[in-house]
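**Student:** Just need the whole structure built from these sequences, with the hints factored in.
From first to last, the protein sequence lines are chains A and B. In this text, residue positions in the first sequence follow the working numbering: the first is 1, and each later residue adds one. In this text, residue positions in the second sequence follow the working numbering: the first is 193, and each later residue adds one.
None of these hints come from the bench; they were simulated from the model.
Think about it this way: if two alpha-carbon atoms lie no more than 25 Å apart in a straight line, the pair counts; the simulated BS3-like pairs of lysine-lysine are: (1) A:83 / A:72; (2) A:190 / A:84; (3) A:120 / B:337; (4) A:83 / B:334; (5) A:84 / A:72; (6) B:334 / A:87; (7) A:65 / A:87; (8) B:337 / A:125; (9) B:228 / A:125; (10) A:87 / B:337; (11) A:125 / A:84; (12) A:120 / B:228; (13) A:87 / A:120; (14) A:65 / B:216; (15) A:4 / B:337; (16) B:337 / A:190; (17) A:87 / B:228; (18) A:87 / B:216; (19) B:334 / A:120; (20) A:83 / A:65; (21) A:72 / A:87; (22) A:87 / A:125; (23) A:65 / B:228; (24) A:4 / B:334; (25) B:337 / A:83.
Going by beta-carbon spacing under 7 Å, a handful of chain A positions derived as facing chain B: (26) 45; (27) 60; (28) 119; (29) 137; (30) 140.
Beta carbons: idealized from backbone N, C-alpha and C, even for Gly.
For reference, the chains in residue letters:
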Amino acid sequence: MINKLWGFFIIVGILFTLLMGNIESLNDTILTSATSGVNMVLDLLPIIVLWSGIMKIAEESGLLKRVGNFVKPVLSKLFPSLKKDSKALGYITSNIVANAMGLGSAATPFGLKAMEEMQKENENKDEATDAMITFLVLNTSGVTIVPTTVIALRLMHHSNNPEEIIITAILATLVSSIAGLTLDYFRRRKRK
Amino acid sequence: MNTISKMIIPLFVLFVIFYGFRRKVTIYDTFLEGAKEGLITVFHIFPSILAMVFAINIFLNSHLLETIFSLASPILQKISLPLEILPMAFVRPISGTASLAIMNEIFTNFGPDSFVGRLASTIQGCTDTTIYVLALYFGSVKINKTRYALSTGLFADFVGIIASFILVRLIFG
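**Tutor:** Right, dumping it as structure tokens:
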């Protein structure tokens, strides 16, 4: 999938730019995108390193397991293939809670740890498991309760009520998460 | 709302450290151990981020999307869909920065409290950079065969966009 998508972006992008005759901007894009990639990693680096450290404490102290236990009844229904005491459940919970609070960048390290834990239980190392797909569907359908960036931007543009969109965002998120999880459920069952 | 979300991170850190301390975990050494693991994670995801940024930049800077939407604008006006929202919706799965930039433009041109402004805010809040997230997460554990992950994720985003349109109409009129 990523294979095809990656090729598609590059091939279509270059061909269309050439067609429109913007050779100079194309050169610019190719030469500078490595730098913007590095900048992106540099933005992520301190956050991931810091939160991995803090989360290690949560893991060693047993906190992560306790949080996982707390939401287990709900989560284990969504992730039937994960073992009940799986560390992945704890990380999935942390990721979703951080995402819901609009702390996207703090959520990433938890998500990466969750993937790592699920990969340990994966028998076919280059293929996604059911649990991974459910997790990513849940994650990307965006369980956002407080869209912090959007509110900040609305405030900047002198909105009369920057927070008013929280209601519509929560409801829309609910609809999209349920739609995504339902489709995921049927596709998972169809395979068996 | 804002103060609550500002309190979450400090309280979380406080709680984790306090809990670890009470459970007699060697917090400093454990932190270093975890941080080292984090560094390895970054090392592993670096190539996939670089690869994705490279491809996405080439695609976005070709302005193919803008060209397609300007061609399709007569049809879109008929179904009373605000044209400005489409490039944002299409860019959203691949780049958070790019879709925020488009939303900023919508706010400047129409105001955040206009129909398009509210719609853009809602869509931004209920969707995610699905393609980027999948590339990053699957890349970090070296998974190539992603099965039905992408189409399911994009389907959820699509439903979210339609729901946003209906909800903003219903709630704000």
